[in-house]
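K.L.:
Those protein sequences? They're chains R and W, same order as listed.
When we follow my numbering, the leftmost residue of the first sequence carries the number 1, and every step to the right adds one.
When we follow my numbering, the leftmost residue of the second sequence carries the number 1, and every step to the right adds one.
No wet-lab data here; the hints were simulated from the structure.
Heads up, the beta-carbon is just placed ideally off N, CA and C, and yes, glycines get one too.
There may be inaccurate statements among the hints.
Per the computed footprint, the stretches of chain W lying under chain R, defined by three or more beta-carbons under 8 angstroms from a beta-carbon of chain R, are [said to hold, decoys possible]:
{"id": "1", "stretch": "109-119"}
{"id": "2", "stretch": "126-136"}
Using C-beta positions, here's what the derived DEER-type ranges look like [as the list claims (entries may be wrong)]:
{"id": "3", "chain 1": "W", "residue 1": "E202", "chain 2": "R", "residue 2": "W150", "range": "40 to 50 angstroms"}
{"id": "4", "chain 1": "R", "residue 1": "P44", "chain 2": "W", "residue 2": "D81", "range": "56 to 66 angstroms"}
{"id": "5", "chain 1": "R", "residue 1": "I342", "chain 2": "W", "residue 2": "E202", "range": "52 to 62 angstroms"}
{"id": "6", "chain 1": "R", "residue 1": "I342", "chain 2": "W", "residue 2": "F23", "range": "50 to 60 angstroms"}
{"id": "7", "chain 1": "W", "residue 1": "E140", "chain 2": "R", "residue 2": "I165", "range": "43 to 53 angstroms"}
{"id": "8", "chain 1": "R", "residue 1": "V280", "chain 2": "W", "residue 2": "D81", "range": "43 to 53 angstroms"}
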Amino acid sequence: MIQAPVTPILGRGGVIFLVLLLAVAILVPVLNLFATPGSALHVPDYMVTLIGKYLCYALLALAVDLVWGFCGILSLGHGAFFALGGYAMGMYLMRQIGSRGVYGNPELPDFMVFLNWKELPWYWQGFEYFPFALLMVFLVPGALAFVFGWLAFRSRVTGVYLSIITQAMTFALLLAFFRNDMGFGGNNGLTDFKDILGFPVQASTTRAVLYFCSALALGGCFILARRIVSSKLGLVLVSIRDAESRTRFLGYRVEHYKLFVFTVSAMMAGLAGALYVPQVGIINPSEFSPENSIETVIWTAFGGRGTLWGAALGAIVVNAAKSWFTGLLPDAWLFILGGLFIVVTLFMPKGLAGIFSGWRWAPRPPVTEAAKVSTQAAE
Amino acid sequence: MIALEKPQFAETLLFLEDVTVTFDGFRALNKLGLDVGRGEMRAIIGPNGAGKTTMMDVITGKTRPDEGRVLFGDIDLTRLDEAAIANLGIGRKFQKPTVFENHSVWTNLELALKANRSPWASLRWVLGGEARDKIAATLERINLLPAFASLAGDLSHGQKQWLEIGMLLMQEPELLLVDEPVAGMTDAETEKTAHLLRNIAETRSVVVVEHDMEFVRALNVRVTVLHEGSVLAEGNLDAVQNNQKVIDVYLGR
Chain R
1 MIQAPVTPIL GRGGVIFLVL LLAVAILVPV LNLFATPGSA LHVPDYMVTL IGKYLCYALL
61 ALAVDLVWGF CGILSLGHGA FFALGGYAMG MYLMRQIGSR GVYGNPELPD FMVFLNWKEL
121 PWYWQGFEYF PFALLMVFLV PGALAFVFGW LAFRSRVTGV YLSIITQAMT FALLLAFFRN
181 DMGFGGNNGL TDFKDILGFP VQASTTRAVL YFCSALALGG CFILARRIVS SKLGLVLVSI
241 RDAESRTRFL GYRVEHYKLF VFTVSAMMAG LAGALYVPQV GIINPSEFSP ENSIETVIWT
301 AFGGRGTLWG AALGAIVVNA AKSWFTGLLP DAWLFILGGL FIVVTLFMPK GLAGIFSGWR
361 WAPRPPVTEA AKVSTQAAE
Chain W
1 MIALEKPQFA ETLLFLEDVT VTFDGFRALN KLGLDVGRGE MRAIIGPNGA GKTTMMDVIT
61 GKTRPDEGRV LFGDIDLTRL DEAAIANLGI GRKFQKPTVF ENHSVWTNLE LALKANRSPW
121 ASLRWVLGGE ARDKIAATLE RINLLPAFAS LAGDLSHGQK QWLEIGMLLM QEPELLLVDE
181 PVAGMTDAET EKTAHLLRNI AETRSVVVVE HDMEFVRALN VRVTVLHEGS VLAEGNLDAV
241 QNNQKVIDVY LGR
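Working from the sequences, and respecting the hints, build out all of it.
P.N.:
Next comes the structure, spelled out in structure tokens:
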């Protein structure tokens with residue numbers, strides 16, 4: 001009889017994205033470590049770190065797309081979850097410095113010695129253990145998203161109001177983390193990292209592994225996100241995005257669905273931040289700045305909202321362009337970014353992903369004869 | 001025509017008593033009382049601003065009344081939210097057809113199918129044979145079987161109305177609240193819809209709000225006239241249409 005429509009977990013675009021990601025994940029470190037320096041094939045160290053950074057941004061954009069593209073939650077504060085994940089990792093890296101700091105205090109990071117602190121604050125306890133820090137990378141952003149979302153979604157804050165309070169959230173954290181007595185290094189943040197799991201963070205091999213882990217995290221989170229959006233839960237999310245009250249009157253607790261996807265997304269952003277910090281070697285409060293979160297939304301829109309892989313691609317392309325243009329015309333970058341956003345909004349509503357849509361997506365199921373007949377009857 | 005002045009329904013399913021709703025000093029509902037029996041179909045008519053949609057909002061939990069009781073069986077609905085009320089077995093069709101335009105017709109029905117509504121259950125949901133049969137049967141009933149794979153957004157206005165009614169049926173409600181189901185429909189579609197609703201009312205209670213008097217006549221059920229938030233008259237359509245108070249209200253005195 002009739003064939004029920006099924007959403008494939010990955011789809012053609014998803015498979016292509018994963019294959020390309022895998023190729024880049026393997027090729028870049030291999031060409032960095034094994035090609036002879038100076039040859040055309042050699043990828044310099046700085047390039048590995050740069051692309052690794054893009055991959056972290058891509059994961060952040062993926063997280064934003066999961067809530068914005070599929071559930072209509074325009075978060076302008078996802079940078080906060082990214083930064084919190086980064087700080088959790090940064091705290092682990094600080095504890096690994098041990099007595100190699102400037103002041104040589106085996107227990108306290110330099111900035112605490114400088115502040116005349118006598119002992120480690122309670123919230124720094126446990127961060128010397130990698131598994132604990134890794135747990136916090138997920139738990140801290142997840143818990144913040146859960147509490148924030150529980151309050152916001154239960155009170156039915158939606159649309160632009162929700163965007164504004166997410167923005168306020170990240171701005172509040174920015175101000176808090178600037179304060180020296182918060183115990184996170186204030187203005188300077190956390191830096192001068194020495195090693196991670198016993199391997200020096202500056203070494204090429206460590207960087208290659210971190211790079212590979214970033215690609216792995218992006219691929220893994222992409223599959224997880226696809227698993228979510230291709231399930232009935234994902235269909236409900238789209239329903240909430242398009243017709244929230246209809247979804248409610250069907251008996252779905254909209255706030256639970258939003259809370260679920262918002263928390264999962266925050267954890268992905270936290271993981272992205274945790275992978276970002278050892279590669280760039282620093283985390284400071286500027287990561288909480290509202291501009292970062294807004295830029296992430298632009299990457300997502302540029303790549304193609306609601307496609308997941310498009311958002312990741314958008315993050316990589318825009319950031320590559322940023323690196324190139326800020327080298328070439330440092331003052332022009334913000335104008336270019338703004339222009340890009342306008343062009344995408346006006347001419348490419350589906351973003352970069354839309355360009356490929358001609359050959360990527362199966363055509364819409366044709367309107368059947370019976371449907372046509374009654375459409376005509378209705379007119 | 002059979003006289004419907006004294007309906008005999010075994011028990012009351014929906015009972016509203018002294019329900020009052022005020023918006024900024026405006027009394028949308030004023031000590032409204034209503035009594036719908038199990039298995040009854042009731043038509044609600046009334047001029048614009050009579051409180052028909054507000055009444056639906058109160059029953060489905062969208063608006064909390066300032067005063068009064070709303071009982072569904074013996075459960076007080078005024079304490080529950082929309083999702084809880086929907087899961088108790090009250091389905092609502094909006095005035096403007098509201099379906100999920102980016103989902104296929106099939107998916108619209110699948111999402112409406114009565115099932116565990118928690119996120120976790122949805123994540124693990126697998127479409128079984130029984131669910132498949134239910135969806136197919138409903139598609140047949142609402143005349144959308146050939147269009148099952150179309151996007152709901154591509155349907156005609158009348159087909160969206162049917163799809164929404166079909167979504168209510170998938171919820172297996174005991175009570176359906178239907179707001180202007182034939183607005184914007186052709187005569188042929190209106191007739192089909194009247195047939196569909198009568199068919200549904202054989203097993204469930206249905207409350208229909210409608211302006212189209214021909215359609216209300218075709219339904220052939222007890223009619224309640226609302227005016228300024230209270231019940232003005234009740235009875236069969238002929239009796240109501242000959243009621244002097246109703247004539248005054250509709251002709252503007």
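K.L.:
Taking the hints in turn, state whether each one holds.
P.N.:
Here is how each hint holds up against the structure:
no. : hint                                   : in the structure
1   : 109-119                                : holds (count 6)
2   : 126-136                                : holds (count 4)
3   : E202/W with W150/R: 40 to 50 angstroms : holds, 44 angstroms
4   : P44/R with D81/W: 56 to 66 angstroms   : holds, 59 angstroms
5   : I342/R with E202/W: 52 to 62 angstroms : holds, 58 angstroms
6   : I342/R with F23/W: 50 to 60 angstroms  : violated, 41 angstroms
7   : E140/W with I165/R: 43 to 53 angstroms : holds, 47 angstroms
8   : V280/R with D81/W: 43 to 53 angstroms  : holds, 46 angstroms
Violation of the numbered hints given earlier is confined to hint 6; every other hint is satisfied by the structure.
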